[in-house]
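Asker: Heads up: the protein sequence lines correspond to chains A and B, in order.
Numbered according to the UniProt record's numbering, the first sequence spans residues 1 to 479.
Numbered according to the UniProt record's numbering, the second sequence spans residues 1 to 479.
Among the hints, a few may not be true.
Each pair may be met inside one copy or between any two copies, as identical chains are not told apart.
[Claimed, not checked] No more than 25 angstroms apart at the CA atoms, straight line, and that leaves these computed lysine-lysine pairs for DSS-like:
hint : residue 1 : residue 2
1    : Lys430    : Lys117
2    : Lys143    : Lys117
3    : Lys143    : Lys132
4    : Lys299    : Lys282
5    : Lys29     : Lys281
6    : Lys282    : Lys417
7    : Lys14     : Lys143
8    : Lys29     : Lys117
9    : Lys29     : Lys132
10   : Lys299    : Lys251
11   : Lys53     : Lys69
12   : Lys166    : Lys132
13   : Lys417    : Lys430
Derived by calculation from the structure, the hints in this document are not laboratory data.
These figures come from a predicted structure and were not determined experimentally.
Listed below are the residues making up each chain.
2 protein chains.
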Amino acid sequence: MIIATPDDDFLYEKIAARFENQVKKGLLKPGDKLLSVRALSREQGISISTAYKAYVELENMGMIEARPKSGYYVKFSPARFSNSPDIKPPLKNTGQVSVTEMIAMVYQNMPEESVLKLSRAAPPLNLIPLAKLNRSMIEAIRKSPSGNSNYETLQGNIALRKQIAKNAFNWGGNITEEDVVTTQGCMEALIFCLRAVTEPGDTVAIESPTYFGIFNVMLSLNLKVLEIPVAPEIGLDIEYLEQAMKSVAIKACLFVTNFSNPVGSCMPDERKRQLVKLLAKKEIPLIEDDIYGEIYFGKIRPHTCKSFDTDGWVMLCSSVSKSLAPGYRVGWCIPGRFKEQVVNIKMMHTISSATPTQAAIALFFEAGRYDLHMRNLRRALYTQCLRYMQGIAGHFPPDTKISRPQGGYALWIELDKSINAFELYQAAMKHNISIAPGQIFSTDARFSNFIRISFGMPYDDVVDNSFKVLGQLVSELTG
Amino acid sequence: MIIATPDDDFLYEKIAARFENQVKKGLLKPGDKLLSVRALSREQGISISTAYKAYVELENMGMIEARPKSGYYVKFSPARFSNSPDIKPPLKNTGQVSVTEMIAMVYQNMPEESVLKLSRAAPPLNLIPLAKLNRSMIEAIRKSPSGNSNYETLQGNIALRKQIAKNAFNWGGNITEEDVVTTQGCMEALIFCLRAVTEPGDTVAIESPTYFGIFNVMLSLNLKVLEIPVAPEIGLDIEYLEQAMKSVAIKACLFVTNFSNPVGSCMPDERKRQLVKLLAKKEIPLIEDDIYGEIYFGKIRPHTCKSFDTDGWVMLCSSVSKSLAPGYRVGWCIPGRFKEQVVNIKMMHTISSATPTQAAIALFFEAGRYDLHMRNLRRALYTQCLRYMQGIAGHFPPDTKISRPQGGYALWIELDKSINAFELYQAAMKHNISIAPGQIFSTDARFSNFIRISFGMPYDDVVDNSFKVLGQLVSELTG
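Hey, can you work out the whole structure from these sequences and the hints?
Answerer: As structure tokens, this is what we get:
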């Protein structure tokens, strides 16, 4: 054991590096409690202030966390990406702009026109079957004696719920319309489910990196997050979660099991079964965000955790926002044993969801228009995905690492470690190009040299040119 | 001063009655702190248990309230209704069914068909301009290059916001589209505004009696309510509020200033100005629910508090649910100085509101279809209101007291004191008639001999016959 000498200026860094090594080697496990600052100081013969600085450093790196009135705990093992096995959490914070502020900057203040929106993960207009969708809306209005102007039933449009139950066959579900509650998009479904099973102050396990909207939701409900790493091939690190559960009271989990955003990984069905079993045993609800489940590039639709759920602990949430019509705000959840709570929360929040949009989507499904559309959409998106990858590989510096998504809308791109992705975002916006900086996909600066690029738009000269510009900017910003 | 004798079995009732009298005479004012149980026992020479029982009795009557770790306070002066000056709060609780459970029973489990819904305050189908509304929806879809399938901007459809700003002229408003944020119905507007200005545990002043949906909202946000009486002629009792503010930390107010539900009273404009001034001085936000403002029976549209708001403390909320199309779930708020917070909360909750419904309502307004429709609707509802009043007067026992609404959808009816309105509701449901029992309009049993009847449906033989049945049931239940 090294006995530290008090005259060493960077002693705290060495102490921190030793802890980091222990975490990497698995000697210290997520959730392990660390010595108190005072005990560390005593044991290592260092000053209180040096011990404290070492912990602050580790905290900044995302390795450990301070829990109020409890002490320091190991938080996070190294991120695991296929192309970047040696990645370690960044050492520095990104500065003055908080994650929430960055999200607002990237998404709230985006001018509608002129900007190339590589940051938006939604189907582009040319892939939406507009004529058929419009026809469904018009038919639905004409069919309804009230022109769909009346309040919908609280649980949701019955025709739509039947179609959702029918489509559940594709992901291995065996449900009826009685199991479904409709919502205003998937976001509202997630919120209603979270509110049904958590109280403010509770801890919810989420993936890391994760969709920034999830942070907003957690913030808005006063929930704490515990970030569980995602690996490209197998998705969520269940073993990590299992370890974390030993020391952290997890009230619920919220995972994107199919084509997690931004990594694009898909949890193999066998691991889904394993996850469901683990959580049911611990009686921890799993809120499963399956919004990308239909956008698969393989031969078959992956299952959901819900399909392995025998005891009702899985609350599946989804919508048509990624497959058909984001503006319709038609979403739903299948809340299992928590259905009554979810329905009550819906009643308190909104009385009912909008009638015309629910009825139109129901009719679109009923007319058999959905399956054909989805086949076209998947083929187009997969092609676009490959072209985007080639474009980035061609225009970005050679050390750029690109994810290989199995579905969804996003490429997750690792740049040189010296790159600050938020600075890159700002530089790109001067060229009217909007990308999503890695900082907004985590609560700390872990992914500050990553960017997410959505391949929803057709690959054309404008996109190609934007990659030239971005590649150039990356080169310029590389230190 | 009476010296109580310990052998008196009903001593606590006498003590309670004395307090009640003091409140009625204004000797004890709302918000006044009462003696502690121990001090009361000492001062009156009664046992601790008798003192305690007296306070519990007063609490059950809604006269006082216990505040955790603080003691007992005077809560509520006698309700003031023009036709019932001597009303005092009921002495007994209604029993096993909570207010929340009653609301769920009355509204959630209502079979869609066969039941005559005298409990629903919404425009009936025959008063909705369906053909024109449908045409607006279809035109809006055809006009939009994306068929309104894309995400709407966060703040809301610009055309709709312009129309809302334009219509604000009618209520004395001077705003632009930049001041407006659209929502999923008025309920969501109220929730976003409440969340913008309160934290869980805060106290919000509301009217009494009030729309039961408000209780659900408060419950769902973990807010405490302070009930301020409403008088039929002048609406909210501002003097009562002013008194209450001296002793209770009110974080926000939520009032229906025009045609409060269920009483139907309208606050005179001069009193609105007074209220706005009072609250601005204390820097207390006023969430003004103006959902019924357009349904006036007089010659002119009453102003809103918002129209007197020079400092942005008033957050006006409304929707088209009572005037045009409840099922469209198109609402909005004009949140004054709290706009940024409201927009942020909206972003966290839902990304954006549905596009097609917003665009359709905007087009309906633009085409000038709204003004004509509203003239027809007001005339029809006023006629129905008068016919309903006559029907009730003809079929109910002679001691029945009926409110005289100046607008809105509801009659507030006081029955014999021996009537339990929830029992009446249950008896009526056996005849397939749904009414709203008074219990769901207050947090206590204060209005347990009141019912609310909505006159939204045309007065026909079915309605007339239902009044015969109800009148008969009231007679049978009168003790």
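Asker: Each hint needs a verdict: does it hold in this structure or not?
Answerer: Evaluated hints:
1. Lys430 / Lys117: within (13 angstroms within a copy, 59 angstroms between copies)
2. Lys143 / Lys117: between (38 angstroms within a copy, 24 angstroms between copies)
3. Lys143 / Lys132: For lysine 143 and lysine 132, both the intra-copy (16 angstroms) and inter-copy (16 angstroms) Cα distances are at most 25 angstroms.
4. Lys299 / Lys282: neither (34 angstroms within a copy, 64 angstroms between copies)
5. Lys29 / Lys281: within (22 angstroms within a copy, 56 angstroms between copies)
6. Lys282 / Lys417: neither (39 angstroms within a copy, 53 angstroms between copies)
7. Lys14 / Lys143: Classified as neither; 72 angstroms inside a copy, 65 angstroms across copies.
8. Lys29 / Lys117: For lysine 29 and lysine 117, neither the intra-copy (40 angstroms) nor the inter-copy (61 angstroms) Cα distance is at most 25 angstroms.
9. Lys29 / Lys132: neither (54 angstroms within a copy, 65 angstroms between copies)
10. Lys299 / Lys251: neither (35 angstroms within a copy, 57 angstroms between copies)
11. Lys53 / Lys69: within (18 angstroms within a copy, 41 angstroms between copies)
12. Lys166 / Lys132: within (20 angstroms within a copy, 34 angstroms between copies)
13. Lys417 / Lys430: Cα proximity of lysine 417 and lysine 430: one copy only (23 angstroms, versus 72 angstroms across).
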